[in-house]
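K.L.:
Assemble the complex: chain A is given as a structure, and chain B must be docked to it using the hints.
From first to last, the protein sequence lines stand for chains A and B.
Residues in the first sequence are numbered consecutively from 1, following our numbering.
Residues in the second sequence are numbered consecutively from 68, following our numbering.
What the hints contain is simulated information worked out from the structure, not anything from laboratory work.
One or more of the hints may lead you astray.
As the list claims (entries may be wrong) - No more than 30 angstroms apart at the CA atoms, straight line, and that leaves these computed lysine-lysine pairs for DSS-like:
| hint | chain 1 | residue 1 | chain 2 | residue 2 |
| --- | --- | --- | --- | --- |
| 1 | B | Lys-69 | B | Lys-140 |
| 2 | A | Lys-2 | B | Lys-69 |
| 3 | A | Lys-6 | B | Lys-137 |
| 4 | B | Lys-141 | A | Lys-6 |
| 5 | B | Lys-71 | A | Lys-2 |
| 6 | B | Lys-70 | B | Lys-136 |
| 7 | A | Lys-2 | B | Lys-140 |
| 8 | B | Lys-140 | B | Lys-70 |
| 9 | B | Lys-71 | B | Lys-141 |
| 10 | B | Lys-192 | B | Lys-136 |
| 11 | B | Lys-140 | A | Lys-6 |
| 12 | A | Lys-6 | B | Lys-192 |
| 13 | B | Lys-141 | A | Lys-2 |
| 14 | B | Lys-140 | B | Lys-71 |
| 15 | A | Lys-2 | B | Lys-70 |
| 16 | B | Lys-70 | A | Lys-6 |
| 17 | B | Lys-136 | B | Lys-69 |
| 18 | B | Lys-141 | B | Lys-70 |
| 19 | A | Lys-6 | B | Lys-71 |
| 20 | B | Lys-70 | B | Lys-137 |
| 21 | B | Lys-137 | B | Lys-71 |
| 22 | B | Lys-141 | B | Lys-69 |
| 23 | B | Lys-69 | B | Lys-137 |
| 24 | B | Lys-196 | A | Lys-6 |
As the list claims (entries may be wrong) - A few chain A residues that don't get close to chain B, going by computed Cβ distances all over 12 angstroms:
| hint | residue |
| --- | --- |
| 25 | Lys-2 |
| 26 | Arg-3 |
| 27 | Lys-6 |
| 28 | Val-37 |
| 29 | Thr-39 |
| 30 | Ile-60 |
| 31 | Ala-63 |
Note that the Cβ used here is the ideal one computed from N, Cα and C, for glycine as well.
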Amino acid sequence: MKRLAKINENVCVCCGACQDACPRGAISTSSGRYAVVDTDSCVGCGLCARTCPTGCINLIERAGIAI
Amino acid sequence: MKKKRWNDYLWIWPIIYFSLGFFNILFAWLGMIDFIVPIIIASLGGGKAFCNRYCGRGKLFALIPSVLKKTNKKVAPTWMYGPLFRYGFLAFFMTMFGNMLHQTYLVFGGNAPLRTVVKLFWTFKVPWKWAYTVTSVPAWVTQFSYGFYSLMLTSTLIGLIVMSLYRPRTWCTFCPMGTMTQGICRIRQGKAG
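Okay, chain A solo, but in the shape it has when bound:
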């Protein structure tokens, strides 16, 4: 099952550690409040989740795509 990074916006301090770790450039911190994952670019590798100092990133199962 393909996975996707999900950020807990209430906990995220928007430090940018996940953005630096993401090999796909799928994370944006432009709001300055919390990081946002581009679900199309995320490959669910989990590097961001392992890097986040608050542990606020979880990997969830990607919803099925109807073709």
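P.N.:
Here is chain B on its own, set in the frame of chain A:
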């Protein structure tokens, strides 16, 4: 692998800063860049771009464990990144900054002598006289340098401690500048929407 950009090498900035301050305390004034630039960027709508891209300290904390191949995977305790501690630490930090400004003012007015010491963790006085060279610079300018260098060194040491105890960039979770700029972003976005 991501292509390295110039700002990926900014970890060198804190090393240069502390090295310069070790030999001449007046270089401590350069630390104002780390104080003023994040606030300006956040106030102009640039979000936490400083934390995300240009913070040398954050880059250094991320780099050290990876170079040493000793990255701690433990997440910091919940209270450490909760609002109470974050804003409490910000308030404490700003109080200590105010205290430092007051000390500078006393020296400016001639009501206190210049203290050529670096105060670590706001408590331990470390003699740092070798970095003071008598120049035409007013005493208060030097006093501010000592105070600011103390603040920068203390916060970096705290950052290094939490870096070794928890995940590399744990300092960023309660960094006063990060808390302040995130607050500015909240206020700005609150107004906008």
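K.L.:
Each of the hints needs a verdict: does it hold here or not?
P.N.:
The hints, checked one at a time:
Between B:Lys-69 and B:Lys-140, the direct Cα distance comes to roughly 22 angstroms. Compliance with the 30 angstroms bound is thereby established for this hinted pair. Annotation: proposed proximity of A:Lys-2 to B:Lys-69 holds, straight-line Cα distance about 22 angstroms (limit 30 angstroms). With a CA separation close to 27 angstroms, the supplied pair A:Lys-6 and B:Lys-137 stays within the 30 angstroms bound. The suggested pairing of B:Lys-141 with A:Lys-6 holds, with an alpha-carbon distance near 19 angstroms, which does not exceed 30 angstroms.
A C-alpha spacing of about 28 angstroms is found between B:Lys-71 and A:Lys-2, which places the hinted pair at or below 30 angstroms, so the restraint holds. With a CA separation close to 21 angstroms, the supplied pair B:Lys-70 and B:Lys-136 stays within the 30 angstroms bound. The suggested pairing of A:Lys-2 with B:Lys-140 holds, with an alpha-carbon distance near 24 angstroms, which does not exceed 30 angstroms. Restraint check: the Cα-Cα separation between B:Lys-140 and B:Lys-70 comes to about 25 angstroms, which is no more than 30 angstroms; the hinted pair holds.
This hinted pair checks out: B:Lys-71 and B:Lys-141 have alpha carbons roughly 27 angstroms apart, not beyond 30 angstroms. Under the criterion of a C-alpha separation no larger than 30 angstroms, the hint pairing B:Lys-192 with B:Lys-136 is inconsistent with the structure, at around 33 angstroms. Taken as a hint, the B:Lys-140 and A:Lys-6 pair is honoured in the structure, with Cα atoms around 19 angstroms apart against an allowance of 30 angstroms. Distance restraint check for A:Lys-6 and B:Lys-192: the Cα-Cα separation of roughly 46 angstroms exceeds the 30 angstroms cut-off, and the hinted pair is therefore not satisfied.
Taking the CA atoms of B:Lys-141 and A:Lys-2, the gap is about 26 angstroms. The hint holds against a cut of 30 angstroms. Simply put, B:Lys-140 and B:Lys-71 have alpha-carbon atoms about 24 angstroms apart, close enough for the 30 angstroms limit, and the pair holds. For the hint pairing A:Lys-2 with B:Lys-70, the CA-to-CA distance comes to about 26 angstroms; that is within 30 angstroms, so the pair holds. Restraint check: the Cα-Cα separation between B:Lys-70 and A:Lys-6 comes to about 25 angstroms, which is no more than 30 angstroms; the hinted pair holds.
For the proposed pair B:Lys-136 and B:Lys-69, the alpha carbon gap of about 20 angstroms is at most 30 angstroms, so the pair holds. In summary, the hint linking B:Lys-141 to B:Lys-70 is supported, as the alpha carbons are separated by about 28 angstroms, within the 30 angstroms threshold. A threshold of 30 angstroms between alpha carbons decides the hint, and for A:Lys-6 with B:Lys-71 the separation of about 26 angstroms falls inside it, so the pair holds. For the given pair, B:Lys-70 sits about 24 angstroms from B:Lys-137 by alpha-carbon distance, which is consistent with the 30 angstroms threshold.
For the suggested pair B:Lys-137 and B:Lys-71, the alpha carbons sit about 22 angstroms apart, so the restraint of at most 30 angstroms is met. For the proposed pair B:Lys-141 and B:Lys-69, the alpha carbon gap of about 26 angstroms is at most 30 angstroms, so the pair holds. Taking the CA atoms of B:Lys-69 and B:Lys-137, the gap is near 22 angstroms; set against the 30 angstroms cutoff, the hint holds. Between the alpha carbons of B:Lys-196 and A:Lys-6 the distance comes to roughly 51 angstroms, so the proposed pair goes past 30 angstroms and is violated.
The Cβ of A:Lys-2 lies farther than 12 angstroms from every Cβ of chain B, with a closest approach of about 22 angstroms, so its non-interface assignment holds. Listed as a non-interface residue, A:Arg-3 keeps its Cβ farther than 12 angstroms from every Cβ of chain B; the least gap is roughly 19 angstroms. No beta-carbon of chain B is positioned within 12 angstroms of the beta-carbon of A:Lys-6; the least distance is around 16 angstroms. With a least beta-carbon separation of about 15 angstroms from chain B, A:Val-37 lies farther than 12 angstroms from that chain, consistent with its non-interface assignment.
The claim that A:Thr-39 is not at the interface with chain B holds, since no C-beta of that chain comes within 12 angstroms of its own (minimum 20 angstroms). No beta-carbon of chain B comes within 12 angstroms of the beta-carbon of A:Ile-60; the shortest separation is about 18 angstroms. For A:Ala-63, the shortest C-beta to C-beta distance to chain B comes to about 27 angstroms, beyond the 12 angstroms cut-off, and the non-interface label holds.
Violation of the numbered hints given earlier is confined to hints 10, 12, 24; the remaining hints are satisfied by the structure.
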